[in-house]
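Protein chains in written order, with the numbering used here: chain A, 1 to 218; chain B, 1001 to 1446.
The set of hints was computed from the structure by calculation and includes no laboratory data. It should be emphasised that the depicted structure is a prediction, and the values quoted were computed from it without experimental measurement. Treat the hints with caution; some may be incorrect.
To be verified - Derived pair list, reagent style EDC-like, types lysine to aspartate or glutamate, alpha-carbon separation capped at 16 Å:
(1) A:Lys158 to B:Glu1027
(2) A:Lys111 to A:Glu152
(3) B:Lys1373 to B:Asp1339
(4) B:Lys1187 to B:Glu1158
(5) A:Lys158 to B:Asp1031
(6) B:Lys1187 to B:Asp1219
(7) B:Lys1187 to B:Asp1157
(8) B:Lys1187 to B:Asp1259
(9) A:Lys36 to B:Glu1353
(10) A:Lys36 to B:Asp1326
(11) A:Lys36 to B:Glu1324
(12) A:Lys36 to B:Glu1391
(13) A:Lys36 to B:Glu1358
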Amino acid sequence: MTPRHAVVVAVIGLVGATALLSACRAYLPTTSFLHKRASPVSLSTADARHRFDHAAHAEVLAASGQTCADCHRFDVLIDTGEEALADAISARALHPGGAACHYCHGPSETKMATAPGNCTLCHTNLQPLRPLNHDVSWTRVHASLAEAQPGECDNCHKQSECIYCHQTRDTIQTIVHDRNFLFFHSVEARANPMQCGSCHREDYCIRCHQQGNVEVRQ
Amino acid sequence: MRLGWRFGTALCWGVVGLAALPARGAELWGDLDLLGQVRQGYQDRETEAPVDLYGDLGAANLWHGSEAETYFRLEQDLATGDNTGDFYAGYARVPNLLPGVQATVGRQLLNEGPGGVFVADAGKVNVDVGWPVSFTVYGGAPQYFEPTYSSPIISQDELLWGGNIRTTRWRGGQLTLGYQQWERQSKVLRQLVSGSGVQRMARWWGAPQFYGTVGYDADRQNVDTATGGVDFTVPAPLLLVNLAGTYYQPQDNTDLLPDINWQEDPIFQLYSNSNLVQVRGGVRRPFSRSLSAYADYSYQTYDNAVDETQNGHLAHAGLLWLPEGDGLEQVLIAYYLADSSGGNVNGVSLYYENQVYERIVFRFRTDLAYYDKESNQSDWPVHTLTGIGYELAPGLLGQLLFEANRNVIFDVDLRFGFALSYNFRHTVERPEAVSEPPEPVAEQPS
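Sequences are here, hints too, so could you generate the full structure?
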C-alpha cells in the first residue's frame, strides 16, 4: 500500500468513525460525573420580554404623551374558568410584544432618533434573528453586504468579532486559513488576487519570501 | 517598557476604571483566552513555544448609555524569547452624546462603504436626529498589524477621513452616498466617491434582496470597485441562493512598478496589470433541521504584467450534519478546489465537534489536500487536530490540543498545545429599573 493509499484509507476510516460516534449519541452513558447538556437551540425571542426598563422609559414616554394603554391592553375579556389559562391569556394581553418596541427602536420607518437600534439591547438569544443570507457562502460575500449597509453589522456584532479574523494573526490556531494553506497559498492568490489585500499587506509576503531559508524535505 | 505594552496596559486600566464606575445597570463582559503550543518551526526547525493571550473586555450601559471595549493579543515565544507582535484595539462609544448624536473614539474598526475595512486610531460621529437620513463623519490614522515575519516596508504614516449620508427609515432597504480620502505619507492614494444600496423585494418571487456598491476614484478618475448581487430563496425544493459580480481596479495602469507606498493594493498589483472581474454563486440546500449541503463557486479573470489573461477558479462544497439538530454535535465534510496559473489544489476536510456532555468538549479536524504547482512542486499535505476540553469551573474551560501533520517540510510534524478560556458576563443591577408592570386586571366573565 502506497502512502497515498494509506492516507485515503485513514480518511475514510475517520469519516466512518465520526459517523458512528454521532449515530451512537443516544447510547452515550450518563453517570453522576457525566451529565448531558440541555439543547441550546431556542428560536424563541421571549428572552427580550423582560428587558424593558419602565424607569428608563418614563421620561420619554411621558414627553411623547404615551399612556399605559398605548402598549398594554386591560380590556380583554377572559371567558374561562381555568385559572392557569386565564393567567396566560392575561399575561399575553398585557405584554405588548415586539411591535411596540420596534416602533421606536427600529428597524422601522418610525424609528426614534434617540432610541438605540442595536438588537443586542434586548435580545440575548440571537439565533432566531440570524438572517438567511448568513447561511450562503457568508465568509466569501459578507464584505459586500457590510459595505452596502455600513453600520448594520454593529446591530448584532461586536467590533472584536470582525477584528479577530481581519487583524489578529495567530500561528497556533487556524482562524481563517487551514494549516495546509501555507503550502499552496500561491495557487489561491493567483486565482483571486483581490482577496489577499483585505487582510494582508505586501510586506507580509516579502518578508517571509525574503527569508529564503525554508528547507524543503527531499 | 515597549509602547505597545503601555498602550495595552492603559486600555486595560481604562476598561477596569470604567467598570468600577458606580453605573447601575452596567453590563460587564470579558473573554480571555490563553493559548500555547510547542512545535518545530517551519523556518529554521528550531523548537518554538509561542504563548498567546487574547482578551476582549468591555462594559456597556455606562454614562449616557455609553460602552467601552478593548480587544488585544499579547504574544511571546517562550523558547526563542521572540515577540513577533502584539495587537491592541479599544474604543469608547457614547450613543447619545447629544440627542441623536453618537460618538465613537479610539482604535476602532471603520467600515464605511466600498473602501474596505480599516482598524484606525480614529473618531467617528453619527448624527441621526429623526430625519429620513443620517450623517456620519470620521477621520483617523489606520494601523496595521502583520506581526509574523512583518516589516515596516510599507509606511504606516497614513490618514483616512470621510463621511457619508444614508437613509435610515426606508422600508426594506438602505441607500448610502459617501466620500473617503486615503493618504499615505501625505500622498493621496484615492478620493473615493461611493454609492451603495440594499433593497429587499418581499413580495417578489423568492423574496430577493438586491445589493450593490460602486466606488469612483476621483483622484485617478477610474471606477475602483463595483459589486452587484442578489440573495433569494427558491421555495421548492428549498434553496438559498446568492449570485454576485464584482469589478475591481485599484490602480491606474500608468506605472507598472510604482513606489510600493503609492499603491492602494500592492498585493493585487503584484499579480495584476488590469482590472479583475469576478462572477460567483453560492447555494445552500437544507434537507432537514439536522442536514444541509452547500456549494460555492467563483471565477476570476484579469491580465497579469505581460498582458496575458489569467483565469482563476475557486470552489467549495460541503455537507453539514447536526445530529438531532441541536448543534451539540457537528459533522462537516467539505471539498475545496483552487485552479489558476499557479497550479491546482484539491482537498477534503472533516470536522467533528461534540459538546453532548455538560463539562466536556471534544473536537477533531483533518484536512487532506493534493496540490500541483506550476513550479513542478506537488505534494499531499495532511493536517489533523484533536482537542479535548473540560470545564474546570463555570466559564473556565481548559483544553489540550494535539496536532499531527505531514507536509513538504516535515515527514511528521507534531504540535502539542493547550487553551485556557475564561468568560464572564455580569450586570450591575439597577434597583429602580425592576419596576413591574401593573397587575393584570382580569375581568370577570359576564
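Non-conforming hints, listed in increasing numerical order: Of the numbered hints given earlier, the structure breaks none, since each of them holds.
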